[in-house]
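Chains as they are written, first to last, in this note's numbering: chain A, 6 to 209; chain B, 903 to 1156.
Calculated from the structure, these hints are not laboratory results. Where hints are given, some of them may not hold.
[Unchecked claim] Have a look at the derived ranges for each label pair, beta carbon to beta carbon: (1) B/1118 / A/76: 31 to 37 Å; (2) B/933 / A/77: 49 to 55 Å; (3) B/1149 / A/170: 21 to 27 Å; (4) A/206 / B/1133: 34 to 40 Å; (5) B/903 / A/116: 19 to 25 Å; (6) A/143 / B/933: 50 to 56 Å; (7) B/1133 / A/118: 43 to 49 Å; (8) A/43 / B/1133: 50 to 56 Å; (9) A/31 / B/1118: 26 to 32 Å; (10) A/117 / B/1147: 25 to 31 Å; (11) A/27 / B/1150: 27 to 33 Å; (12) A/170 / B/970: 35 to 41 Å.
[What the hints assert, rightly or not] Facing chain A, according to a computed beta carbon distance under 7 Å, are these residues of chain B, among others: (13) 905; (14) 906; (15) 979; (16) 1011; (17) 1012; (18) 1013.
Quick reminder that beta carbons are idealized off the backbone N, C-alpha and C, glycines included.
The chain contents come next:
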Amino acid sequence: MNIVLIEYGAGNLPSVERALARLGIDTRRASTPGALHGCDALILPGVGHFGALMRSLGERSLVKPVQEAVTRGTPLLGICLGLQAMFATSDEAPGDAGLALFPQKVSALPPSDRLPHMGWNQLRRTRPSKLLEGVPADAYFYFAHSYAALDAGEAGVAYCDHAAPFVAILEKGNVFATQFHPEKSGPVGARVLSNFLRQAGGKG
Amino acid sequence: MSLARRIIPCLDTDGERVVKGVNFVNLRDAGDPAALAARYNVEGADELVVLDIAASRDHRPTFLETIRRVAAELAIPLTAGGGVATVDEGRAILRAGADKLTVNTAAIRNPTLLTQLAAEFGSQAVVLAIDAKRVNDRWEAFVRGGSVATGVDAVAWAHQGVECGAGEILITSMDKDGTRSGFDCALTAAMSRAVSVPVIASGGADTPDTFLEVFGEGCADAALAASIFHDSIQGLGALKRYLSERGVSVRRTG
Chain A
6 MNIVLIEYGA GNLPSVERAL ARLGIDTRRA STPGALHGCD ALILPGVGHF GALMRSLGER
66 SLVKPVQEAV TRGTPLLGIC LGLQAMFATS DEAPGDAGLA LFPQKVSALP PSDRLPHMGW
126 NQLRRTRPSK LLEGVPADAY FYFAHSYAAL DAGEAGVAYC DHAAPFVAIL EKGNVFATQF
186 HPEKSGPVGA RVLSNFLRQA GGKG
Chain B
903 MSLARRIIPC LDTDGERVVK GVNFVNLRDA GDPAALAARY NVEGADELVV LDIAASRDHR
963 PTFLETIRRV AAELAIPLTA GGGVATVDEG RAILRAGADK LTVNTAAIRN PTLLTQLAAE
1023 FGSQAVVLAI DAKRVNDRWE AFVRGGSVAT GVDAVAWAHQ GVECGAGEIL ITSMDKDGTR
1083 SGFDCALTAA MSRAVSVPVI ASGGADTPDT FLEVFGEGCA DAALAASIFH DSIQGLGALK
1143 RYLSERGVSV RRTG
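Excised from the complex, chain A in its bound form:
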């Protein structure tokens, strides 16, 4: 399988590589438009600032190629900030456009609870989820963020509650994303990654 990690300076890219290596999956890093071609699946890792991520993708001319890969049907997994980048805009960087795979926006979580939302939390499943196949209903996943998508229409398949209900997993066609870090979420996180790889046509 040819799995490509989109490289634009995200701090968690090596962690994602290691988590996939533990599953026996070799990955390749891509930081140019041409390098995105011919892959079985794309992963967009992310830690940090929405505006910095989108500007980094822009400087590498990767915005359109990623959007086109999604249109071609290439499976895409966004992780944490990689989920947020799939929306049209974010409160974190009002001037920067996102990938706009989803028309909604990313919001700052309200200060009604401790922020950042940091640590292990459970999910509330609202629709059948491919990423959660075989994952126990009470499983905990690792989160570290202060912004989140509060609404993603029918693409929101699992939610988490901290300060506000927010989208924890997005699934729509070939587009998948998690607000939590599967690469840091122990055995259940590994299961989520292998479920994604199955979408890419591998054994997972």
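Once you have looked at the hints, place chain B on chain A.
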């Protein structure tokens, strides 16, 4: 459904090997960091902290290699620090495989370091570590591994540190550290009231009831301990079972 309270084993290292805390009479080698990390990853630690307590510049490449070796064993978050004084040093630690970094002495001398680190890596990656000791009717922050008094009120400093960009507070009670007499719940609760970010309690961990106290009375979001885990005095699974049976939300791993 709620955010689980975290249990965090801490590896104090001399850069290369795990060493016993400074308050112990017989300083001794307590093992290989990567081997301990692998064990805690399986046993259900929620996160791991690795500190370079020597924090000498000469040994920094050795410590970065230790971080790489530890990170390779983990499918859980890793926090690392010790002597971080610049954005470049912070970047080196994160690039080596840590998800978050701790800053202590350098931040109290130059609080804008927190702002710079948060701007570069995000607040979620910046942990402000504070070593505090009771002095009269307040807690005072100490630096350089607890050896130098600053005259700074530890609770006020935590508040200021969060304003500057810290995304988490790691508060170590120097009065309790190494005593195995329970966490300083009054200090931890005071920190928790003063800041809006998560608070990790450290110093004094012993039996499971000391964890129950710091999550209750101490209002801690996470509790950190070293020797009780390294020496297998307390197992992570048994500790979490104890807490769960008493209504504390913890992540059980089987």
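Now for the hints, and whether the structure bears them out:
The beta-carbon spacing between residue 1118 of chain B and residue 76 of chain A, approximately 53 Å, falls outside the hinted interval of 31 to 37 Å. The given range of 49 to 55 Å is respected by residue 933 of chain B and residue 77 of chain A, whose C-beta atoms sit roughly 51 Å from each other. Between residue 1149 of chain B and residue 170 of chain A, the C-beta spacing of about 23 Å keeps the proposed range 21 to 27 Å intact. A hinted range of 34 to 40 Å for the beta carbons of residue 206 of chain A and residue 1133 of chain B is inconsistent with their spacing of about 48 Å.
The supplied range of 19 to 25 Å is met by residue 903 of chain B and residue 116 of chain A, whose beta-carbon atoms lie about 20 Å from each other. The supplied range of 50 to 56 Å is broken by residue 143 of chain A and residue 933 of chain B, whose beta-carbon atoms lie about 33 Å from each other. About 36 Å separates the C-beta atoms of residue 1133 of chain B and residue 118 of chain A, a value inconsistent with the hinted range of 43 to 49 Å. Range check, residue 43 of chain A to residue 1133 of chain B: about 53 Å between beta-carbon atoms, so the 50 to 56 Å window is met.
For residue 31 of chain A paired with residue 1118 of chain B, a C-beta distance near 47 Å fails the hint of 26 to 32 Å. With their beta carbons about 29 Å apart, residue 117 of chain A and residue 1147 of chain B fall inside the hinted range of 25 to 31 Å. Separated by about 30 Å at the C-beta atoms, residue 27 of chain A and residue 1150 of chain B satisfy the suggested range of 27 to 33 Å. Between residue 170 of chain A and residue 970 of chain B the Cβ separation comes to about 38 Å, which falls inside the hinted range of 35 to 41 Å.
A distance limit of 7 Å between C-beta atoms decides the matter here; for residue 905 of chain B the minimum to chain A is near 5 Å, and the interface restraint holds. Annotation: residue 906 of chain B was flagged as interfacial toward chain A, and the flag holds, the nearest CB pair being 4 Å apart, inside 7 Å. A cut of 7 Å between beta carbons decides the hint on residue 979 of chain B: the least distance to chain A is about 5 Å, and the hint holds. A hinted interface residue such as residue 1011 of chain B counts as satisfied when its beta carbon comes closer than 7 Å to some beta carbon of chain A; here the least separation is about 25 Å, so the hint is violated.
At a threshold of 7 Å, the smallest CB-CB gap from residue 1012 of chain B to chain A is about 22 Å, leaving the interface hint violated. Taking 7 Å as the C-beta cut-off, the interface hint given for residue 1013 of chain B is violated, the closest approach to chain A being about 19 Å.
Of the numbered hints given earlier, the model fails hints 1, 4, 6, 7, 9, 16, 17 and 18; all others are met.
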